[in-house]
Each structure stands twice: as C-alpha cells, then as structure tokens.
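Participant: Sequence:
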Amino acid sequence: MADIIQLLPDHVANQIAAGEVVQRPASVVKELLENAIDAESTEIKLIIKDSGKTLIQVIDNGKGMSVTDARLSFERHATSKIRAAEDLFNLHTKGFRGEALASIAAIAHVELKTKQEQDELGTQIEIEGSDLKAQNVVVTPKGTSLAVKHLFFNIPARRNFLKSNAVELRHIIDEFHRVALAHPSIVFAMYHNGSEIFNLPSSNYRQRVVNIFGGKTNEKLVPVEETTEVLKISGFVGKPEFAKKTKNEQFFFVNNRFIKSPYLNHAINSAFEGLVKDGAHPSYFLNLTVDPKTIDINIHPTKTEIKFDDEHTLYAILRSAVKHSLGQFNIAPVLDFDSDPNLNTPYDYKDKSVATPPTIEVDRDFNPFKEKVSHGGGSSKPVVAFKKQNTSSWDSLYVGLESKSTQQDHNFSEVEFESDSKNETLFDDSQTETTQATYQLHNKYIVSTIKSGMLLIDQHRAHQRVLYENLLKNMTVKEAVSQQLLFPLQLHFSSTELPILIQLKEDLESTGFVFSSVKDHTIEITGVPLGVPESEVSIILEQLISDVEQEVPDSNFSATDLLAKSMAKSLAIKTGQSLNKQEQEHLVNSLFACKEPTVSPTNKTTFITMSVDDIDKKFM
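Number 531 in numbering that gives the first Met the number 0 belongs to position 532 of the sequence shown; there are no gaps in the numbering.
Honestly, I wouldn't trust all of these hints.
With a straight-line Cα cutoff of 27 Å, these simulated DSS-like cross-link-like pairs (lysine-lysine) come out [to be verified]: (1) Lys244 x Lys504; (2) Lys48 x Lys141; (3) Lys48 x Lys162; (4) Lys443 x Lys617; (5) Lys215 x Lys238; (6) Lys52 x Lys148; (7) Lys306 x Lys292; (8) Lys162 x Lys52; (9) Lys276 x Lys259; (10) Lys62 x Lys148; (11) Lys276 x Lys243; (12) Lys259 x Lys238; (13) Lys162 x Lys504; (14) Lys244 x Lys48; (15) Lys306 x Lys276; (16) Lys573 x Lys472; (17) Lys594 x Lys443; (18) Lys518 x Lys246; (19) Lys259 x Lys246; (20) Lys573 x Lys443.
Label pairs and their in silico Cβ distance ranges [what the hints assert, rightly or not]: (21) Gln22 x Lys617: 50 to 60 Å; (22) Val598 x Ala165: 26 to 36 Å; (23) Glu304 x Lys141: 34 to 44 Å; (24) Lys148 x Lys306: 28 to 38 Å; (25) Gly273 x Gln206: 30 to 40 Å; (26) Thr608 x Pro367: 52 to 62 Å; (27) Ser577 x Leu484: 20 to 30 Å; (28) Glu218 x Cys593: 37 to 47 Å; (29) Glu125 x Lys231: 37 to 47 Å.
Quick caveat, the hints were computed from the structure, so don't treat them as lab data. No experiment lies behind these values; they were computed from the predicted model shown. In this text, a Cβ means the ideal position worked out from N, Cα and C, and glycines have one as well.
Given only the sequences and the hints, what does the whole structure look like? Please build it.
Facilitator: Below, the structure written as structure tokens:
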C-alpha cells in the first residue's frame, strides 16, 4: 500500500498557523505593536487605512535588525525572545513563539524597513504570500517600519468574513488601548485614513488612562495598591456610580501583558456587590505583578489566557484589595450612613450637670370624651359626638364602640347610620356592577379577557413595540417634537464613544434631541424628545453606544432602525413597575394599534392567548 502521509509545504503550514494567529486586522496590530515594544522602542506610530484591510503600518524607533535577522524573522519558529524550553517560564517579552511575522507574511503583502543604530544603511524586504519578492539596501531612520497591505489577499473566504469598517476599527482601537495602557512610558500615536485618533505622550499610569478615555475619567478613578509575597497589585477601579453597561473599561494586566480572566473578573464584581446596579459593569485598570515562574502563558497563540499556580489566593487578595480601596476612600457606605452631627452631644457637655430641670405644663381639665357643643347653625352636617358616660369604670368607656366602628368602616364618613337597613344598600348588585377589563400580574404581565378566553401581555416587550414604531415614524415620516431644557445638559464620553454619537447625531436629532455643541469629549444637549425625562438621557445614550458596539451590521444595516430599537429598550416600562387601570388599558390599545403587535423589536413574543378550552383542560 502506498504511503499517504506527507509533509506540508511551508506556505501551506504558514497559512494554517495564520488561521490561529491572525483572525482579523486587529490581530496584526497586536502582534506588530508587541514586537515594537520588545525592540525597546520609546515612540511607536500606528497607521491604518480602511480599518486595516488596505494598510496596517507600525513604525518604531527601537534597536532594529541586521540584514540576516531581517530575513530570518519571517521564518517559522524563528525568534530572539527565547533559547530553550525553560525560558517559557521566565518570560519578560511579549512574543516568544516566532510565528507572528511568518503567519502575517503568508496572507498579505509585507514591506519591512529596518536599521540598527550603528549601521549607515538599512534593509528593505518585500514578501507576498510567503514569497520573497525583493531585498534591497535602503536609507531609513533607526528602528523598524513594517507595513502590511492587502490582508487576506490570497484567502478570499477569510476576507469575506470580516465585518464592516466601523466594527473592525473598534477592534483595532481595543487592541491599541490594551498595549498603550500596559506601557504608559512609551509615546503612542494612531492615525486612521490620514486623521489622528490618538496622540499619547509619555506619562504615568493615571495620566495614560485619562488621555485615552477622556479628561472626566480622572474623577472616576479610585487607586488600588497592595503588595504581598505572592502578588503586587497597582492601578485603579472606577467609582460605582460610573459603572457602565459594557465591559469596555475592564483591563487586567499580568506582568504588563493584557489578559482575559473570568475568574479574576468575578473577584472584582464580588468586591462591588451591592454597590452597582444589576447589569452594570464596574471599570477597572489593574496591573498584577507575579513571579513569571508561577504562570503559564503558552496556552493559546493570542497569549491572552494565562494559567496561574494558585488562582484562589489571587482571587482572595484581589477582592480584599479592591474592597479596602473602596472603603478607604469612602466609596462604600459606612454604618452611620452620614448621620446628622447636630444630633450628637458635644464632648464639652458630656460631664456637665443640668442647671435647671425643664418644666412640663399639663392641662388637668382636658377631657377627650367631653361632649362637644356646636355654635352657630351655618353647617347642615351632623356632628359626631361622644355621649358623656360614667367614667368610674374603665371598661364602660368602650361600651357601644364596637358597633359604631363597624358602621363607620362601611361608609368611610363621619355620618352615623340610623338603622341597619341602610347598610344593606352598600352591597346592592346594581351599584357594584363594574367589571375591570385588565389586571396586572406580579407587576410584569397584563391580563385581559377576550371572547375566546384570556390574553397575557408582557408589559415591557409590549411597550418596546409601541415606542419602536412611534420613534420610527418620527424619524422617517414626520418631524419629532422636542422639549427644551431650562439648563443645558453636558455629558462626557471617551474618545471611542464620541465618534459613534457623532455618526448618529443626525438620526438622534430626528427623534427630538437638540445638540448645541460637540467637542473635547463633551456633548451639550439643549433639547430632548417629548416625554423623555432629563435623568434618562445619559442612560439612553450609553445604551445606544452599547448596542452599536455589540451590533454586527450587515449589508442592509440601518442606523435609524438600531437607534429606534435602542431608545425603545431604554424608555420602555420595566418589569416590576406598577400600572393603574388607565395605563394598562392604554398600553393594550396602543399595542394592538401597531403594525406588528405580536413581536417586540427584537422579535420576541409580546403576548400569548389561552382559550377557554385550554383552561378547561387544566382542570381535567
């Protein structure tokens, strides 16, 4: 039988490896930035075109490479980071696998320019799909410039899986944040399609966080510092009142390497338990320094997952450190709940004696059971009076009160009934013949009757549908009504959130929002849609940003539709909100006046029906 196992060619093996290392343009950005940091650079530039689909270029002023190193760097498993297997447990560099450049060169056009400080001339290498096209001597400054063009040019299936430019750019910005936050001493700059996105000077950690996420972030940060034999923690957590609906401001760094750890994230959430609302995520920017021998980074090619020797100890230390910081800076509530100091006795009066005891005046002639006498006949209302009785025995005071209280409970007035026959009219069927059309069940569902049986409506989803269709009508058919604010409302957003709102500004204005200025991470609003409370505006916009970031747009993606869905979800009445009869009936009528009353904007069922036969079967 013929042999069937054969060795794969290098270019095929590189494309297979690229499937793990390079998943999207953001993966290339991560690998190139980390290589620039390992080259001991102090200034790094990232240049992007068409969200990385056309060009990704990283320019650094690091130590550069020799001619031999430049050519060898594109070979598989060629690296300057480690020499032996034992080095995997004593890593001080970002990369160590020697796969990144080989994988990138297999699926893109790559141009490398590099020069060491002592050399007069540098080296230029051009590679297309693992094939070396040119190697020349070139004049270039010290450091390395690596340009990746036409990503996935030879794998069209992978290129078709890429999302829209806006989505891919957000992933690139996320990777840029992770690298820039881990190294605040390095100068970073980022450009997209010729415009500057970030220009981060060398600074301390707090300033780097503020430079990335906006000036108002400074007041939100609570420092966290803890040093033990096992772990050193430094960084910041956000105040509970600034918790966000997304996890965009949650960063863990272990030995200056960004990681994802649901277990350690649970420790943070546990420390914030009871301080943030349900569904909100606290912000944190934490650096963990541990012994490199106690962690294993070689779990996945992306190197964002780490195995710890003793996760339980790290969990306990991290949780305690965060709770301690929240308490130390008076973020967590204390037991006295800010008691009024005016109610406390001053220390000077502690040992003083009372000079003169307070006098108490008593009206000894006061008698609550004394018969009242009405003066003047202006009022036709009968006056309720207690008859004077002998008070020699205390139990005689309560004789006859039981029957009177019963009568008063029936008519809820001060008029006493002359006979029991009048009480009978309260229960006359002619007066109680009113039927309630709707009922609210557990402040969540509205129950209504129909000819065939019973209708059960989810109030939150139903209101979403009503608001969604009204908002769409305002944005597409008629001009929305806006209510002016007495004082302008100023809201602050990060550099990643602000472009999203600017992109949706026109659609927001069609719903009734009025913007007076948009600049320097700040939006000033002078008008809001009719019926939208001022306190809900920031929540609505945060929810909108979250929905836009998590949305996976396709060819027929509509910003107007997404905006209407997001605003309907924010403004709809919530589960647990009590409604009176008129509100219930109005919601039911509004729902069935919609074009699609059966489903919510997110295609979830708004109501179910149960026929009398279905109910009868329950009793069989």
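Participant: Confirm or reject each hint.
Facilitator: Here is how each hint holds up against the structure:
In summary, the hint linking Lys244 to Lys504 is supported, as the alpha carbons are separated by about 21 Å, within the 27 Å threshold. The hinted pair formed by Lys48 and Lys141 meets the criterion: a straight-line CA distance of about 24 Å does not exceed 27 Å. Straight-line distance between C-alpha atoms of Lys48 and Lys162 comes to about 15 Å, which keeps the hinted pair within the 27 Å bound. Of the supplied pair hints, the one linking Lys443 and Lys617 holds, its CA atoms being roughly 23 Å apart against a limit of 27 Å.
The suggested pairing of Lys215 with Lys238 holds, with an alpha-carbon distance near 12 Å, which does not exceed 27 Å. A C-alpha spacing of about 7 Å is found between Lys52 and Lys148, which places the hinted pair at or below 27 Å, so the restraint holds. Taken as a hint, the Lys306 and Lys292 pair is honoured in the structure, with Cα atoms around 11 Å apart against an allowance of 27 Å. Proposed proximity of Lys162 and Lys52 is supported: the alpha carbons are some 11 Å apart, at most 27 Å.
Straight-line distance between C-alpha atoms of Lys276 and Lys259 comes to about 23 Å, which keeps the hinted pair within the 27 Å bound. At roughly 24 Å between alpha-carbon atoms, Lys62 and Lys148 fall within 27 Å of each other, so this suggested pair holds. In summary, the hint linking Lys276 to Lys243 is supported, as the alpha carbons are separated by about 10 Å, within the 27 Å threshold. Note on Lys259 and Lys238: the hinted pairing holds, with a Cα-Cα distance of about 22 Å set against a maximum of 27 Å.
Distance check on the hinted pair: Lys162 and Lys504 sit about 23 Å apart at the alpha-carbon level, within 27 Å; holds. Distance restraint check for Lys244 and Lys48: the Cα-Cα separation of roughly 30 Å exceeds the 27 Å cut-off, and the hinted pair is therefore not satisfied. Distance restraint check for Lys306 and Lys276: the Cα-Cα separation of roughly 31 Å exceeds the 27 Å cut-off, and the hinted pair is therefore not satisfied. At most 27 Å may separate the alpha-carbon atoms for a hinted pair to count; Lys573 and Lys472 meet this at roughly 23 Å.
For the hint linking Lys594 to Lys443, the alpha-carbon distance of about 23 Å falls within 27 Å, and the restraint holds. As the CA atoms of Lys518 and Lys246 are separated by approximately 25 Å, the hinted pair is consistent with the 27 Å bound. Straight-line distance between C-alpha atoms of Lys259 and Lys246 comes to about 12 Å, which keeps the hinted pair within the 27 Å bound. As the CA atoms of Lys573 and Lys443 are separated by approximately 8 Å, the hinted pair is consistent with the 27 Å bound.
For Gln22 and Lys617, the Cβ-Cβ distance of about 52 Å falls inside the hinted range of 50 to 60 Å, so the restraint holds. Separated by about 28 Å at the C-beta atoms, Val598 and Ala165 satisfy the suggested range of 26 to 36 Å. Take Glu304 and Lys141: their Cβ atoms lie about 35 Å apart, and the range 34 to 44 Å holds. For the pair Lys148 and Lys306, the beta carbons lie near 37 Å from each other, so the given range of 28 to 38 Å is met.
Separation of Gly273 from Gln206 is about 31 Å and conforms to the stated range, judged on CB atoms against 30 to 40 Å. The beta-carbon spacing between Thr608 and Pro367, approximately 59 Å, falls within the hinted interval of 52 to 62 Å. Against the hinted window of 20 to 30 Å, the Cβ-Cβ separation of Ser577 and Leu484 comes to about 29 Å, which satisfies the hint. With their beta carbons about 43 Å apart, Glu218 and Cys593 fall inside the hinted range of 37 to 47 Å.
For the hinted restraint 37 to 47 Å between Glu125 and Lys231, the CB-CB distance of approximately 45 Å keeps it satisfied.
In this structure, the earlier hints numbered 14 and 15 are contradicted, and the remaining ones agree with it.
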